[in-house]
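With our numbering as the guide, the letters of the sequence shown map in order to residues 1 to 368.
Heads up, some of the hints might be wrong.
[What the hints assert, rightly or not] Pairs of lysine-lysine, DSS-like flavour, derived with a Cα cap of 25 Å:
| no. | residue 1 | residue 2 |
| --- | --- | --- |
| 1 | 234 | 334 |
| 2 | 70 | 228 |
| 3 | 227 | 110 |
| 4 | 353 | 234 |
| 5 | 296 | 234 |
| 6 | 228 | 191 |
| 7 | 334 | 237 |
[Said to hold, decoys possible] Simulated restraints, written as ranges between beta carbons of each label pair:
| no. | residue 1 | residue 2 | range |
| --- | --- | --- | --- |
| 8 | 332 | 50 | 44 to 50 Å |
| 9 | 316 | 204 | 15 to 21 Å |
| 10 | 208 | 342 | 18 to 24 Å |
No lab work stands behind these hints, which were simulated from the structure alone. C-beta atoms are modelled at their ideal positions from N, C-alpha and C, and glycine is treated no differently.
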Amino acid sequence: MKTLNFASLKESTSNFWHISKPYHALIFFIAGFLFDILTLEEVDDMLTLVSQVLYLLVAVGFFLINAEGKTLTSILPSHPLITKLSVWEEDIFHFALGALLNAFTLYFFKSGSLINSLIFLFFMSALLLLNEFRPAFLKHDLIPAILIHTCLISFTVILAPTLLGHMGTIPFCIGIFVYLALIALWLKIRKEKITIRPQIIIAGSLAVFFLGMYVFRIFPPVPLSLKKIGVYHKVEKVQIDGQTRYLTFTSSPWWKFWSDQSQPFEARPSDQVHVFTRIFAPGGFADTVYLEWWWKGAKGWMRTDRIPLTITGGRRDGFRGYAYKSNYDIGEWKVLITTSDGLEIGRTFFDIKKVEADHNVNLITHQF
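Using the sequences and the hints given, assemble the complete structure.
The following block contains the structure:
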C-alpha cells in the first residue's frame, strides 16, 4: 500500500508556486472576484459593508506603502509574522482589489439597464486588462493607482445614498465630495513622500467621468436594483395567512413556457394594462420612483404617462408595487422605471393587440 510522500508533495507545490509566480497577481485577482461572487450580499448588509471597509483598508494600505517606496517590514516592528506577510504583500493587495472591484462591478451591473451597466463593465474590464499586461508606455504604479481610486470613488457614491436613504443629485455629489476630500487629505499629509500630480489627475478625471455619466443619465442608480418587472392583465394586493401578497394574472401563448407575463398583451375593450415590479432598496430607504409609459408611433417613441411610485427599503426580495393604464393604443410599448433625477433602474417592452370583447383570454395566476 502506497503512503503519501509529504516531502515530494511539498517539493511539487513549491515548484508549481515558483513557476506560476509571474501570474500570481492575476490568480489572486481572480480569486478575489470568485470569493466575492460566492459571498456578496446586498449593498446594505452589515457584514458586506464591514468586509468592504476592511478590503479598502488593506488595498489602500499596501498601495500607500508601495507608493512611498517602502515595504511592510520597513514600517512595522520585526516579527516572524510580518516577515511572512511581506512575501505575500502583492498577492494580498490583488486579492483585496479583486474582491472590491467585483463587488462594485456587480452592484453597478445589477442597478442599471443592460446598456448603461455595460459601459461600467467595459471600463472596469479595460482597467483589469491594463493592470495585467502593463503596457511599456505606462508607469508601473499608474494602473494600480487608478484601480484604487476607482474602488474608493465607487464606495463613496454607493454609500452616500445608502446612508441618507434616498437618491438624488445631493447624495451623489456628497459621495464625489467625500472621495475628493479623502484624496486631498492624503495628499496634504503625505505630500513630501509621493508624487502628487498623477494622483490629482486620476482623482479629477474619475470625478469628471462619474459626474459626466450622472449628468447624461447613464450612471447606474445604485443602491437601487430591479428584481422584476412585467406586464399583466390584472394585479391584486391581498392578505394570505396574515402576509401581504400580490397576485398577477397573465396570459401568454402555450409555447412561451418560460414567461409569466402577458406577452403579447391581448387587450379587450375593458382591459387595463398593469405593470408589476419589485425593486430592491436598502433598509431605511424611502424615495419615489417613476413608471414612464412610452408608445412607439410614426414619429418614434413618445412618453404618454409618468406615474409615481413611493418605495421603502428593507425587503430582501424588493419593494412590490404596480401601476396600470386604461387608455392606450395598439402597437409597441415600453415602460421605464426611473429615479426622480432620471436615472434608469430598468425597463420592459411589450406589444398590445386589440381583440374582441368575447375573446377568450385564459388567465394564469402567479403570487409574489
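Hint check:
no., hint, verdict
1, 234 to 334, "holds, 17 Å"
2, 70 to 228, "violated, 50 Å"
3, 227 to 110, "holds, 9 Å"
4, 353 to 234, "holds, 16 Å"
5, 296 to 234, "holds, 23 Å"
6, 228 to 191, "violated, 49 Å"
7, 334 to 237, "holds, 24 Å"
8, 332 to 50: 44 to 50 Å, "holds, 47 Å"
9, 316 to 204: 15 to 21 Å, "violated, 38 Å"
10, 208 to 342: 18 to 24 Å, "holds, 19 Å"
In the structure shown, a violation is registered for the earlier hints numbered 2, 6 and 9, in ascending order.
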